[in-house]
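Enquirer: Once you've looked at the hints, dock chain Y with the ligands against the given chain A.
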Amino acid sequence: MTFINYASREINCKIVYYGPGLCGKTTNLQYIYDSTAPTSKGKLISLATETDRTLFFDFMPLELGTVRGFKTRFHLYTVPGQVFYDASRKLILKGVDGVVFVADSQEERMDANIESLYNLEENLQAHGHDLMKLPYVLQLNKRDLPTAIPAADLAAELQRKGEPVHEAVAATGVGVFDTLKSVAKQVLTELRKS
Amino acid sequence: MVIREPQFGQLKTVLAKLRTDAAAQVTFLVDKNGQSIAVQGDVGNLDTTSLASLAAGNVAATGGMAQLVGEKEFPTLSHEGEHENIYICVIGRALLIVVFDDQASLGLVKLRVKQASREFAQIFAEINSQANESTDDESLFAEITDEDIDSLFK
Ligand SMILES: Nc1nc2c(ncn2[C@@H]2O[C@H](COP(=O)(O)OP(=O)(O)OP(=O)(O)O)[C@@H](O)[C@H]2O)c(=O)[nH]1
Ligand SMILES: [Mg+2]
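First to last, the sequence lines map onto chains A and Y. Take the first sequence: its position 127, counted from the start at 1, is 127 in my numbering, and no numbers get skipped. Take the second sequence: its position 44, counted from the start at 1, is 44 in my numbering, and no numbers get skipped.
Keep in mind the hints are simulated off the structure, nothing from the lab. You may find that some hints are simply not true.
[As the list claims (entries may be wrong)] Under the rule of at most 20 Å between Cα atoms (straight-line distance), these lysine to any residue pairs were calculated in the SDA-like manner: (1) Lys12/Y x Glu10/A; (2) Lys17/Y x Ala131/Y; (3) Lys94/A x Lys12/Y; (4) Lys181/A x Asp148/Y; (5) Lys32/Y x Leu91/A; (6) Lys43/A x Val90/Y; (7) Lys71/A x Glu147/Y; (8) Lys193/A x Asp47/Y; (9) Lys32/Y x Ile45/A; (10) Lys185/A x Ile86/Y; (11) Lys193/A x Gln130/Y; (12) Lys161/A x Leu91/A; (13) Lys185/A x Ala142/Y; (14) Lys94/A x Asp148/Y; (15) Lys41/A x Arg9/A; (16) Lys32/Y x Gln67/Y; (17) Lys94/A x Val90/Y; (18) Lys193/A x Ala131/Y; (19) Lys90/A x Ala112/A.
[Unchecked claim] Listed next, the stretches of chain A that the computed footprint assigns to chain Y, with coverage defined by at least 3 CB atoms under 8 Å from CB atoms of chain Y: (20) 8-20; (21) 37-47; (22) 54-68; (23) 180-187.
Here the structure is a predicted model, which is why all the values come from computation and not from measurement. Every residue gets a Cβ at the ideal spot worked out from N, C-alpha and C, and that includes glycine.
Bound conformation, chain A alone (with noise of 0.2 Å):
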């Protein structure tokens, strides 16, 4: 739910980076991180497993500039992808405005996709959002892996309403930012409709 204060002139928006364990949600942010200037980024907040892997959240607040005299902030958010912290990430999910779905391109991933995908609906139904009323994209990652099945393939079998897809390698970057941008743009218009 955007947060709007109108005596301050602000308005902050929640997104989330969905997906299996491992597909590579914690990089997509670590490399919006390392690439934002210091005066528009807060601090990355990382609740992480000594293995790195995420166990509660990562977040990171991005104040891309405003809009008709509003300070536009993104507060991003991962869920860990690991099967069996599913009540975590229910919880992250609270609030959301924007979801993005990193699927991982390796073939053998492809059920851990799938399962993922079907676990985000479900999560998001549990607090009264609806998949296919909310900003959403899908983002294609690890195409850099020579496992990765193709582009179409992957979407024929992800896609869910015709949201954007991005293919990325969040490794080194490659549309990282399309994949913000695209959701960005969903939660703003979503905002001029309200």
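Expert: What follows is chain Y with the ligands alone, placed relative to chain A:
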């Protein structure tokens, strides 16, 4: 959540008074999703954006635990360190965070928070009841153009 004047000013006034009454360093209101609403006090080195998001995560996690044992939620959380302490209280859709040091006492903080909670709850009730009213100012979102949006990503 949509905040406007005069409620924004009222929230800040109650926060400021609470800070003085509880001898706290910082009093801070955030929403349950981790968005900052208003803050009072000496925030010099304090990263309030991170604090807001972590407090919201903290409350969400303990709330999840509460439900597992059949409670609706745990309405207050208290973290005591060697010198610095944090007390968090759930007020409807918002969280009140009080940062205080060993100059203050947890008992006093709890008491003052309890008193202030009623005032906050009242202000939030007004905020909620006005959530769907729109003012002239707000039609401005209807006028956001694609260029406005594009300009954010230059
Ligand atoms: N080859 C390749 N590796 C990547 C890419 N993106 C991420 N990785 C690697 O994949 C591994 C997992 O990335 P993370 O970003 O931690 O994955 P995650 O989705 O956050 O995983 P969880 O926190 O467990 O849900 C890391 O070793 C990354 O370096 C990519 O585009 N290509
Ligand atoms: Mg991660």
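Enquirer: All hints, please: hold or fail.
Expert: Going through the hints against the structure:
no. : hint                : in the structure
1   : Lys12/Y x Glu10/A   : holds (16 Å)
2   : Lys17/Y x Ala131/Y  : violated (26 Å)
3   : Lys94/A x Lys12/Y   : violated (26 Å)
4   : Lys181/A x Asp148/Y : holds (13 Å)
5   : Lys32/Y x Leu91/A   : holds (11 Å)
6   : Lys43/A x Val90/Y   : violated (25 Å)
7   : Lys71/A x Glu147/Y  : holds (16 Å)
8   : Lys193/A x Asp47/Y  : violated (33 Å)
9   : Lys32/Y x Ile45/A   : holds (18 Å)
10  : Lys185/A x Ile86/Y  : violated (37 Å)
11  : Lys193/A x Gln130/Y : holds (19 Å)
12  : Lys161/A x Leu91/A  : violated (24 Å)
13  : Lys185/A x Ala142/Y : holds (14 Å)
14  : Lys94/A x Asp148/Y  : violated (28 Å)
15  : Lys41/A x Arg9/A    : holds (18 Å)
16  : Lys32/Y x Gln67/Y   : holds (16 Å)
17  : Lys94/A x Val90/Y   : holds (16 Å)
18  : Lys193/A x Ala131/Y : holds (16 Å)
19  : Lys90/A x Ala112/A  : holds (17 Å)
20  : 8-20                : holds (count 3)
21  : 37-47               : holds (count 4)
22  : 54-68               : holds (count 8)
23  : 180-187             : holds (count 3)
Of the hints listed earlier, those the structure fails to meet are numbers 2, 3, 6, 8, 10, 12 and 14, in rising order.
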